[in-house]
Every structure is written in C-alpha cells, then in structure tokens.
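S.K.: This is what each chain is made of:
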Amino acid sequence: MDNLKVLFHVNEPERWKRTLLNIINFLNDVGQENVDIEVLANGAAVSAYANANKCQIAESSSEIEHSCGIASGDLLEQMNKLTKMGVRFVACRNSLRMKSLDENMIYSYVTVVSAGITEIVKKQAEGYAYIKP
Amino acid sequence: MDNLKVLFHVNEPERWKRTLLNIINFLNDVGQENVDIEVLANGAAVSAYANANKCQIAESSSEIEHSCGIASGDLLEQMNKLTKMGVRFVACRNSLRMKSLDENMIYSYVTVVSAGITEIVKKQAEGYAYIKP
Amino acid sequence: MDNLKVLFHVNEPERWKRTLLNIINFLNDVGQENVDIEVLANGAAVSAYANANKCQIAESSSEIEHSCGIASGDLLEQMNKLTKMGVRFVACRNSLRMKSLDENMIYSYVTVVSAGITEIVKKQAEGYAYIKP
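Chains as they are written, first to last, in the numbering used here: chain F, 1 to 133; chain W, 1 to 133; chain G, 1 to 133.
Worth flagging that the hints you see were computed from the coordinates, not collected in a lab.
Since we're looking at a predicted model, the values are computed, not measured.
Wrong hints could be hidden among the right ones.
What the hints assert, rightly or not - Where chain W lies over chain F, by a calculated footprint (3+ residues, C-beta under 8 Å):
1. 14-24
2. 28-36
3. 126-133
As the list claims (entries may be wrong) - Here are the computed lysine-lysine pairs in the DSS-like style, where the Cα-Cα straight-line distance is at most 27 Å:
4. G:Lys122 / W:Lys81
5. G:Lys132 / G:Lys5
6. W:Lys84 / G:Lys122
7. G:Lys17 / F:Lys17
8. G:Lys5 / W:Lys122
9. W:Lys84 / W:Lys122
10. W:Lys17 / G:Lys17
11. W:Lys122 / F:Lys17
12. W:Lys5 / G:Lys5
13. G:Lys84 / G:Lys132
14. F:Lys5 / G:Lys132
15. W:Lys54 / W:Lys84
16. W:Lys122 / G:Lys132
17. F:Lys132 / F:Lys5
18. W:Lys5 / G:Lys132
19. F:Lys122 / G:Lys132
20. G:Lys17 / F:Lys132
21. F:Lys132 / F:Lys17
22. F:Lys122 / G:Lys17
23. F:Lys122 / G:Lys5
24. W:Lys17 / F:Lys132
25. F:Lys132 / W:Lys54
26. W:Lys17 / F:Lys84
27. W:Lys81 / W:Lys5
28. G:Lys122 / W:Lys5
Claimed, not checked - Facing chain W, according to a computed beta carbon distance under 7 Å, are these residues of chain G, among others:
29. Gly43
30. Asn94
31. Tyr107
32. Val113
33. Ser114
34. Ala115
35. Ile117
36. Thr118
37. Ile120
38. Gln124
39. Lys132
We put the beta carbon where it would ideally sit given N, CA and C, even for glycine.
Model the full structure from these sequences, guided by the hints.
M.R.: Following this line, the structure appears as structure tokens:
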C-alpha cells in the first residue's frame, strides 16, 4: 500500500491542540511507517513555532512586540515527539513577518516556505489529502 | 456522468446546522441519484449523534457526565431524512470516547470508524471532494 | 508547468480579510500568469458581495432587511484589484436568497451559481486544490 499522505492546515492558534490530537490518533490508527504528514501553519498560528527563549532576548533588545511563547509546554512536547515520528512542521514566511518573528526565533525543526498557500496547493497536486482541523 | 462524491467534515457542534443546510441545497441542486455523500464528525461534533433517551438512562445509572442531547429536534429530523436519501453519517471512535459516549448511546444510523482522520484521508484518496462547512 | 488551480471557500464574513491576504501573498509568490483562482462564497459570507449603493435604494423602497454593505472599502478595493488580476469571485444563489439579496444588488464582477457546494465539488473534480482560510 502506498503511504497515506496528508497536509494539515492550521491558521488559528487555538486549533493547534486539536490538530496535534488528530495527528496522534491518526498515527495510532495506521502506524507511522504508513503515513506522510505535513502540518502547514500560516496566519496567527505561526506563533506556536516561536522559541520563547530566543524571543525574550530579542524583546529585551528591541522595541518591537513579538508574538512569542504562544505554545504551551504540552504543545511543544507533542511537536517534538511528532517530529521524531516523521511529521514535518512548516511555516509561511509572510505570516512570520506579519508576527514580527525572525526565522532564527523559531524552533529548529520548523521548515519555512515562501508562501503557505503555494505549499498547500502543491501538496494537494502531489496527492496529499487536505484537512482543516 | 459519474456520481459527485463528497465528504463533509464537521468538528464543532455549532457547525451542524449549516452543514445539513449545505447538503439539502446540494441535493436539491443535483438530485440524490447523482451524489455520494458522507458526513464525518470528530471532536466535539460527535455529541450531535448521541441518542438523548439512551443517554438519560446511562446518566441516571452512573456518575459520568455524558455529552448527550446536543442535537436539537430539528437537526435529528434532518439527519433522519438525509439518511433515507442515502447520506451516510460517520463518527470517530476516539472522539466518542473523549465525550464518554458508548457506541450504544448513539443513533443507529451512525457508522463508527476507528479514527476520523484516517477516514477523511481514505475518502479523498478515493476521489471524494473535501468540504469543511 | 500547468497552472496552479485553487478554490478558496469562504462561508463567514470575518474570514474575507485573511482570504484576500492569502490570495495576494500567493500571487506575489508564483505570479498571476501561473494561477487559476476562484473564490466561492456561501452562507453569511455572500454579504461582502452586496453593493452598498444599490442596497440602500432597495432598503428605502421596501420593508425587507437586507444584508448589505458588510464589505469595508479596503475589501472592495482588494476584490476589484484581484478581479483585474484574473481572480474569479463566485456566490451561491441559495445563500443570496437567505440574506434577501437580489442578484442586481451585488457587484457586477461576481458570478452566481445555483448551489455553492456543487461548485466546490465540481472544481475539486477538475483538479482544483481546496483551501478554507
């Protein structure tokens, strides 16, 4: 059987929790060796990728208000665990800019793409299912 | 012409009303003989599948708080009518557990799948359009 | 390369702003000559298509409450600009009726289809990616 390919689209911070729960249940159901999962965050949802430690340094040295530390410890722990299971976390560069987040302020496991919508369109063209939790 | 295949994804209780209205308008537009419709509910939206009568019995004999009786009479009537027109209503088992709903507490026309996300991915792979009302 | 085909689905008025921003960023990323974009509005989101001037005339000559003038000047300006760049704006006729909007009360660049869901299903069958901003 070919791998089940899925793109999860998250554009609101409050939807992260259910998105990660959806992914965990999905992995439990079909097994991580049978799936190819990407999570594309754009809009305000990219704040969950911000590394709170790096943001604090930036905030203390500038007047800009950053959108940091949105992700609670639980979310971070789950994202780390899912990354190790092969889930790819992706951020829209436009959205990071909108939130005044430099790319060196986000977690290292996050991949940045030039535009989130382009990524979603391309993935669907490659046969990924689209899910908006 | 091949049938138009659609999967509606509902994960919030307040979106049931518009989802059923979307389906009714769609059926009126193209005719029930030309469509293949599945409604997949996960998350809090599965509460609408709870049979209020069976839930009350369960509640009176246990201390567990069940998520019952969310669906109003109107929704139930519409779901019944749509079931007779061939629409399939499906629930995610993980979500039922999360809401403390035993499978014998939900309406008999509802099919239960092991994981809602797996069902959505498989249906898209089979050529179903995905709609999130 | 084939054009990237995308259908954006908007069913809540408050999601117009982010939808148009998504489209602008997408066009900036890939270029308008490489995309085929349709925006399908149903539900309460069709109010943004109402031409405030025509609505005021209708309101002053009737007792019916119309859902007009929801779109702010910024949104209108963006829609006009995007129309000139080839983006197609489409409305669900059922939703217009629900909002008491006659077809002569909406902007001329909007195309009306008999049922929004049918349009979404057909576009996905034609290879359009589906995005719900």
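S.K.: Among the hints numbered above, which are violated by the structure, and what are their numbers in rising order?
M.R.: 25, 26, 31 and 32
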